[in-house]
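Chain order of the listed sequences is P and F. Numbered according to this note's numbering, the first sequence spans residues 1 to 160. Numbered according to this note's numbering, the second sequence spans residues 1001 to 1152.
Rather than coming from a laboratory, the hints here were simulated on the basis of the structure. None of the values given here were measured: they were computed from a predicted structure. Among the hints, erroneous ones may be present.
[Claimed, not checked] DSS-like, lysine-lysine: derived pairs with alpha carbons at most 27 angstroms apart:
hint, chain 1, residue 1, chain 2, residue 2
1, F, 1122, P, 101
2, P, 101, P, 26
3, F, 1143, P, 65
4, P, 72, F, 1050
[What the hints assert, rightly or not] Sample of chain F residues facing chain P (criterion: CB under 7 angstroms; computed from the structure):
hint, residue
5, 1012
6, 1033
7, 1035
8, 1048
9, 1064
10, 1065
11, 1071
12, 1078
13, 1085
14, 1086
15, 1087
All residues carry an ideal CB built from backbone N, CA and C; glycine is no exception.
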Amino acid sequence: MRFFEDIEVGSRRELGSFTFTAELIKKFAAQFDPQRFHLDEEAGRNSLFGGLAASGWHVGSVCMKLLVEDGKREAEEQAARGEEVATLGPSPGFRDLRWIKPVLAGDVISFASEIASRRSSESRPEWGILEARHTGTNQRGELVFSVLAIAFVPRRNRVA
Amino acid sequence: MLTFEDFQPGRFGTFGPRHVSREEILAFAAEFDPQPMHLDEEAAKRSMLKGLSGSGWHLGSLMMRMLFDGFIGRTASLGSPGISELRWLAPLRPGDDLTLDVDIPEARVSRSRPETGIVTFKGTIRNAAGQILCEMVSPIIVKRRMDAEEGV
């Protein structure tokens, strides 16, 4: 990924898409969120979701997966241009996560990320802090997922 | 089944402990968050977190499972519209034993769907040393008991 100084507010990356199959939905739910509407088609149809629905934690975790994969692609592009590649730091959290519409079995969700703000870290001068709005959109163009995520990003002139 | 009326503002309960193994941390990271700080001991030592740590999404998903085992699994829950805020305050480490405190800052009847209520939960996860790893505030939609009482 890029260094803090090189990242512009408003810049956007398409992260790719992911198909939530019934099999994957049930596998995640069995491990982390075994509510009936995440495990059983019939129970899903009878719920507010109207079908077998992915756990919201599954949707968020897949967004993370595509962010990491996109970061690897970006690093390869940077390396090909001979640029120094930055390594993403940890995240102190997120705000305003919204599960806007259910993600149902067979849905293909395309994720994107847009930089919302950037500021220096007061306590860690070698790091900057980015806020990014990650979103997920289904195959009908409906927004289904949105989160304002926070992350530490290294500054170019950090002291090793 | 627990319904809206069972959730009053204040401390609701403490759940766990839940042991988290190194294998679980590596398996989740490999599938959903393959950053070196979650997968590789040497890279993790050089990271800000100074040692192998679990993905924050793994910790959040474990909190969901602890909520389910604690009470959501026997609650007339209709799902959640989102998470107001989640803070990762300290890293999840291999071998951690997690406990979950659940508080209810607010519980109110839904205006748009009066047969349901919206219960706001605050979850706090601690390790065995009592250090807070994660805090989350999230509303959950829960059925009201009036359905059954009024024979609707």
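What are the numbers of the hints the structure violates, in ascending order?
3, 5, 11
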